[in-house]
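Novice: Whole structure, please, built from the sequences with the hints as guidance.
2 protein chains.
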Amino acid sequence: MGLGALDRVTWALRRAELAVQTLKEQRLRPLGMAAAHYTLLMSVHSEPGLAGAELARRLNVTPQAVASLVARLEGRGQLERREHPRHRHVQELHLTDAGREALRAADQVIADVERHITEGLGPDQSAQLRTLLDQVSKTVRNA
Amino acid sequence: MGLGALDRVTWALRRAELAVQTLKEQRLRPLGMAAAHYTLLMSVHSEPGLAGAELARRLNVTPQAVASLVARLEGRGQLERREHPRHRHVQELHLTDAGREALRAADQVIADVERHITEGLGPDQSAQLRTLLDQVSKTVRNA
DNA sequence: AGCTTAGCGTCAAACGCTTGATGGTTATGA
DNA sequence: TCATAACCATCAAGCGTTTGACGCTAAGCT
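Going down the list, the sequences are from chains A and B.
Position in the first sequence (from 1) plus 85 gives the number in my numbering.
Position in the second sequence (from 1) plus 85 gives the number in my numbering.
No lab work stands behind these hints: they were computed from the structure.
Fair warning: there could be bad hints in the mix.
Identical copies go unnamed one by one, so any copy, or any two together, can satisfy a pair.
[Claimed, not checked] Here are the simulated DMTMM-like cross-link-like pairs (lysine to aspartate or glutamate), alpha carbons at most 20 Å apart as the crow flies: (1) K223 / E110; (2) K223 / E204; (3) K223 / D92; (4) K223 / D197.
Quantities reported herein were computed from a predicted structural model and do not represent experimental measurements.
Specialist: In structure tokens, the structure reads:
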């Protein structure tokens with residue numbers, strides 16, 4: 086029987102993602118930051134003031150997972166919860182100065198990983214890879 | 086400041102992988118099988134008789150995670166642990182007939198997902214994507 | 001206005017995985 | 001031969017996440 090799953094695109098995709106994520110985690114570890122923390126900080130940075138539940142949707146995780154991360158980052162003084170002006174029950178998430186500094190340091194590491202990959206591929210192939218990956222995402226989304 | 090992580094290749098990679106994995110999980114759910122189960126069964130199928138620890142290395146997880154999955158699949162009668170001929174302490178992992186049948190059904194679903202993606206991309210672009218992904222894996226591995 | 005609906009945040013329990021440590025088994029080398 | 005090292009499997013504890021349920025707040029509808 087066939088069952089040759091070894092040379093499928095989705096397996097190559099999985100292995101590449103796993104390798105990249107592992108490398109990021111390793112590089113981020115000396116900074117005392119997990120990849121999930123970096124992702125959350127970066128999301129809040131790019132879209133400040135949104136609620137935890139909204140953030141959870143963008144990151145494809147549950148609101149509780151976000152709440153857990155927020156609690157930790159708030160404890161470190163990198164993130165702060167403000168009261169939403171209209172909805173008293175909702176909390177706006179914002180970065181503190183310390184949070185911005187931590188994000189800057191972490192992003193330097195992440196950008197280095199990214200650069201290493203894109204240089205290994207070359208500029209045009211990197212762009213093409215991104216195009217193909219986006220197309221995969223789009224194809225899968227409306228499956 | 087720059088900090089534009091949104092249009093990085095590694096983010097596109099992450100999102101694509103997440104989307105594909107989520108879709109697989111959804112499609113596999115009606116069969117009562119998780120993606121991790123499918124992966125394990127497929128690995129055992131492609132290389133029968135290897136030990137749990139060895140399997141863990143290929144899947145990039147811990148031996149305990151494999152043991153947990155094996156215990157569950159053994160309970161379902163889809164997998165069996167045989168005694169290694171030389172090392173009495175080691176266990177060879179083999180598929181049962183029921184395991185092979187379950188794998189066949191699951192692989193049909195997975196192959197369908199794969200087909201949907203490759204058809205959305207076209208044959209040559211699919212091949213190119215796989216090449217690029219493998220190159221990313223290789224680049225990252227010796228970073 | 002009052003009622004229903006929808007959305008956010010949080011608590012509690014369950015699940016899966018990792019880390020660390022232990023015991024058992026085979027191979028290697030003095 | 002005997003001791004050391006290497007490897008596998010397993011147990012126990014800790015951590016992060018998901019699932020399910022509850023209370024609370026704001027908006028939409030009659």
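Novice: A separate judgement is required for each hint: does it hold in the structure or not?
Specialist: Outcome of the hint check:
1. K223 / E110: Between copies, since 17 Å is at most 20 Å while 27 Å is not.
2. K223 / E204: Only across copies: K223 and E204 sit 13 Å apart there, 26 Å inside one copy, limit 20 Å.
3. K223 / D92: Intra 22 Å, inter 15 Å, cutoff 20 Å: inter-copy only.
4. K223 / D197: So K223 and D197 pass the 20 Å test across copies only (17 Å; inside, 28 Å).
In terms of the numbered hints stated before, the structure departs from none.
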